[in-house]
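Sequences listed follow chains A and B, in order.
Here the first sequence stands for residues 213 to 530, where the numbers follow my numbering.
Here the second sequence stands for residues 44 to 488, where the numbers follow my numbering.
Bear in mind the hints are in silico, worked out from the structure with no lab data behind them.
Mixed in with the good hints there might be a few duds.
To be verified - Okay, derived cross-link-like pairs now, EDC-like style, lysine to aspartate or glutamate, Cα gap no bigger than 20 Å in a straight line:
| no. | chain 1 | residue 1 | chain 2 | residue 2 |
| --- | --- | --- | --- | --- |
| 1 | B | K158 | B | D187 |
| 2 | B | K478 | B | D466 |
| 3 | B | K137 | A | E285 |
| 4 | A | K294 | B | D466 |
| 5 | B | K258 | B | D466 |
| 6 | B | K291 | A | D387 |
| 7 | B | K389 | B | E406 |
| 8 | B | K463 | A | D387 |
| 9 | B | K129 | B | D449 |
| 10 | B | K158 | A | E285 |
| 11 | B | K463 | B | E292 |
| 12 | B | K371 | B | E170 |
| 13 | B | K478 | A | D298 |
| 14 | B | K158 | B | D263 |
| 15 | A | K294 | B | E482 |
All figures in this text were calculated on a predicted structure; none of them were measured in a lab.
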Amino acid sequence: MALTTGSASTAASAARIVRPRRGGIGAIDRRRQRWGWLFVAPFAVVFAAFLIFPLCYAFWMSLQTSTLATGTEFTGLANYAKAFTDPIFLSGLARVAMFALVMIPAQMLVALVAALVLDNLATVLSKFSRLMIFVPYAIPVVIGALMWGFLYSPRFGPATDVFALFGATAPSFLDQSSIFGSLVNIVTWQWSGYYMIIIYAALRGIDPAIYEAARIDGANAFQTALRIKVPMISSSMVMVLIFAMIGTLQFFTEPQVLRGVAQGAIPISYTPNMYAYSLAFSYSQFNYASAISFALGIIVFIGSYVFLFLTRKQSGLK
Amino acid sequence: MKSRVLAAVGTVAVAAMALTGCSTGGASGGREASCTNTITKKDVPQVTVWAWFPAFEQVVDLFNETHDDVQVCWTNAGQGNDEYTKFSTAIEAKSGAPDVIMLESEVISSFTIRKALVDIGEFGANEVKDKYTDGAWNDVTSGDSVYAIPVDSGPMGMLYRQDLFDKAGIAVPTTWDEFAAAAKQLKDAGTGVLANFPTNGRAFNQALFAQAGSKPFEYDKTKPTEVSIDVNDDASKRVLNYWDGLVKEGLVTTDDAFTADYNTSLVDGTYAVYLAAAWGPGYLQGLSDADDTAVWRAAPLPQWDAANPVQVNWGGSTFAVTEQAKDKKLAAEVAKDIFGTDEAWKIGIEQGALFPTYKPILESDYFTNLEYPFFGGQQINKDVFLAAAAGYSGFTFSPFQNYAFDQLTEQQYAMVQGEKTADEALDDLQASLEKYATEQGFTSK
Numbered sequence: 213m214a215l216t217t218g219s220a221s222t223a224a225s226a227a228r229i230v231r232p233r234r235g236g237i238g239a240i241d242r243r244r245q246r247w248g249w250l251f252v253a254p255f256a257v258v259f260a261a262f263l264i265f266p267l268c269y270a271f272w273m274s275l276q277t278s279t280l281a282t283g284t285e286f287t288g289l290a291n292y293a294k295a296f297t298d299p300i301f302l303s304g305l306a307r308v309a310m311f312a313l314v315m316i317p318a319q320m321l322v323a324l325v326a327a328l329v330l331d332n333l334a335t336v337l338s339k340f341s342r343l344m345i346f347v348p349y350a351i352p353v354v355i356g357a358l359m360w361g362f363l364y365s366p367r368f369g370p371a372t373d374v375f376a377l378f379g380a381t382a383p384s385f386l387d388q389s390s391i392f393g394s395l396v397n398i399v400t401w402q403w404s405g406y407y408m409i410i411i412y413a414a415l416r417g418i419d420p421a422i423y424e425a426a427r428i429d430g431a432n433a434f435q436t437a438l439r440i441k442v443p444m445i446s447s448s449m450v451m452v453l454i455f456a457m458i459g460t461l462q463f464f465t466e467p468q469v470l471r472g473v474a475q476g477a478i479p480i481s482y483t484p485n486m487y488a489y490s491l492a493f494s495y496s497q498f499n500y501a502s503a504i505s506f507a508l509g510i511i512v513f514i515g516s517y518v519f520l521f522l523t524r525k526q527s528g529l530k
Numbered sequence: 044m045k046s047r048v049l050a051a052v053g054t055v056a057v058a059a060m061a062l063t064g065c066s067t068g069g070a071s072g073g074r075e076a077s078c079t080n081t082i083t084k085k086d087v088p089q090v091t092v093w094a095w096f097p098a099f100e101q102v103v104d105l106f107n108e109t110h111d112d113v114q115v116c117w118t119n120a121g122q123g124n125d126e127y128t129k130f131s132t133a134i135e136a137k138s139g140a141p142d143v144i145m146l147e148s149e150v151i152s153s154f155t156i157r158k159a160l161v162d163i164g165e166f167g168a169n170e171v172k173d174k175y176t177d178g179a180w181n182d183v184t185s186g187d188s189v190y191a192i193p194v195d196s197g198p199m200g201m202l203y204r205q206d207l208f209d210k211a212g213i214a215v216p217t218t219w220d221e222f223a224a225a226a227k228q229l230k231d232a233g234t235g236v237l238a239n240f241p242t243n244g245r246a247f248n249q250a251l252f253a254q255a256g257s258k259p260f261e262y263d264k265t266k267p268t269e270v271s272i273d274v275n276d277d278a279s280k281r282v283l284n285y286w287d288g289l290v291k292e293g294l295v296t297t298d299d300a301f302t303a304d305y306n307t308s309l310v311d312g313t314y315a316v317y318l319a320a321a322w323g324p325g326y327l328q329g330l331s332d333a334d335d336t337a338v339w340r341a342a343p344l345p346q347w348d349a350a351n352p353v354q355v356n357w358g359g360s361t362f363a364v365t366e367q368a369k370d371k372k373l374a375a376e377v378a379k380d381i382f383g384t385d386e387a388w389k390i391g392i393e394q395g396a397l398f399p400t401y402k403p404i405l406e407s408d409y410f411t412n413l414e415y416p417f418f419g420g421q422q423i424n425k426d427v428f429l430a431a432a433a434g435y436s437g438f439t440f441s442p443f444q445n446y447a448f449d450q451l452t453e454q455q456y457a458m459v460q461g462e463k464t465a466d467e468a469l470d471d472l473q474a475s476l477e478k479y480a481t482e483q484g485f486t487s488k
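Turn these sequences into a full structure, and let the hints guide you.
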């Protein structure tokens, strides 16, 4: 009995020891477990009802095929075979891959530079700047995208007036050729501040004595930043990269909102997630949409796993 | 001890049921609470209605005041596609749909194929057939099967800025050739463009094709798996080539429709012409940033062959009864009656600028002679829209119209971007729709 008042691990090992004896202690233990389940229950029920069950249901849907004319039938993995050969899905994947190549370095660079600069300053201005860089993240994504929609608008946006000052014509931000850059801009504006905070927090966690040692060894501020600070926060950088990568592969909200003002330049299947959304809610192909969503999920999972494996040294997971 | 555990388990279970109950029962449980209108007679059955008509609240209030056996609980679930998306989800979820729903006639087939609408012919809907125009009735029926009750329609005309026309010395065009000449003249005069050709015009683009004789789909709601597609016919190609020519010469713009930019351009004189349906004036009056000095007038839509004018329709709404309706007969009554009186229509016409399909009003002297202050007192119905409505005999849409429209938008955008000719765009559209129809299990007739 005295054992059970110890730490959790000793209690567990005690339970393992006493179980074969089938005594009163086992009954008490079971009762304890019951209470344990009870405490877990509120979370478990919500978790099961809103995550596990919908996931299973969606997976079950993805194994069936339903067409408008013929009804629903069970087709196994046929939808997945279709998805991975569907040119629309694949071109959407290629597009988000392009976004990842451009957008993630852009965001990380902005975030890193801002964090390094702010880390070196200790004025009131730095606190204010930190807040200002972070503010876009506090704006809901939909509102941010709507706002940019207006800023890009040739009629309501400032570009027309600004360019007119110099006698030039403003570029059209919502054209097929420029929509990519316009979207990169929105996402970078929104997320850089958030990543900056993560990196900044990591920088604050470094022991200042290391900087002092570097200074004594003759490193200037620039060298300290590149050779000392960046390597020491590499695990945070990996985390930021993972966040950014998952977010980019699931790119949805910004293009979906901007589509309201640029329906030609952003077709309904612009990104895999938008494709799944329109399949389900515009064309009522819920089954194929589930398969597309799962296919995307698999790719995100594999991508993240491979990436974490490759960077296990930097991220400290090894 | 044991009973306390059981009690605790019970509490958790109740809480869990309440939590999960929110997700499944919310739609039906919240019915009464979600009415936008105030219901005063609480002890009679209610029928839930989704609609986005302008000034509809007054129509609902009128209905509720004059009915003691049923009350309408109205919700605005969004306009057009926003509402259809919700409805579509409710169909899939098998709960959450209203009893009566406003649908544009173009999407009725898309919902009948999902068995989401009730054939209200069983509930005596055919008795009111004579009260509606033939074209509107054809749009909602298939033989004796009635899938919706027509409400308003959108015969097309040309709304134009008399002041801008006068300034540039342009006469009102009556044919598309004259329209092109006027576009050139206005461009030379140097203010704005004559009109806009939105690549996302959807039913608008379709109506322009139809004017030259395009019949894109053949589909019978009672034979739901057969469809025939003909979107790359000569008529459609002629129309699209015409507009592509105007676009290439810079005589018309290709701004997306229904955006804030487009709305402002409509009323601030950027476009001198608004090719519109009869509900267009209502739309214009609802827009902000209007040019105060604007002088709007209405004229018939330009024709391909002035000797044989063809009238077309853009939009038009109906009330359908959903399969999820609790009391289908009562819902059918509401669908029939809500716009079934002169008083309701007067609100619809004067506050909401609707164009009726309901003949007692449509053919009345009141409607014919109605003067519209927005058009400087012009009797636009007599001058333009009544003739346009009379010439309309119905139109067949596909059971995957949303997909067809999205594809049309993509192809037209590729065309105005210079990636394709008009002919190629329509050929590609035909190919993509045929492929889609086959994938969805349709056979072509």
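These are the hints, each one checked on the structure:
no., hint, in the structure
1, B:K158 to B:D187, "17 Å, holds"
2, B:K478 to B:D466, "18 Å, holds"
3, B:K137 to A:E285, "18 Å, holds"
4, A:K294 to B:D466, "30 Å, violated"
5, B:K258 to B:D466, "17 Å, holds"
6, B:K291 to A:D387, "17 Å, holds"
7, B:K389 to B:E406, "13 Å, holds"
8, B:K463 to A:D387, "17 Å, holds"
9, B:K129 to B:D449, "18 Å, holds"
10, B:K158 to A:E285, "17 Å, holds"
11, B:K463 to B:E292, "16 Å, holds"
12, B:K371 to B:E170, "17 Å, holds"
13, B:K478 to A:D298, "13 Å, holds"
14, B:K158 to B:D263, "14 Å, holds"
15, A:K294 to B:E482, "11 Å, holds"
Checked against the numbered hints listed earlier, the structure breaks hint 4 alone; every other hint is satisfied.
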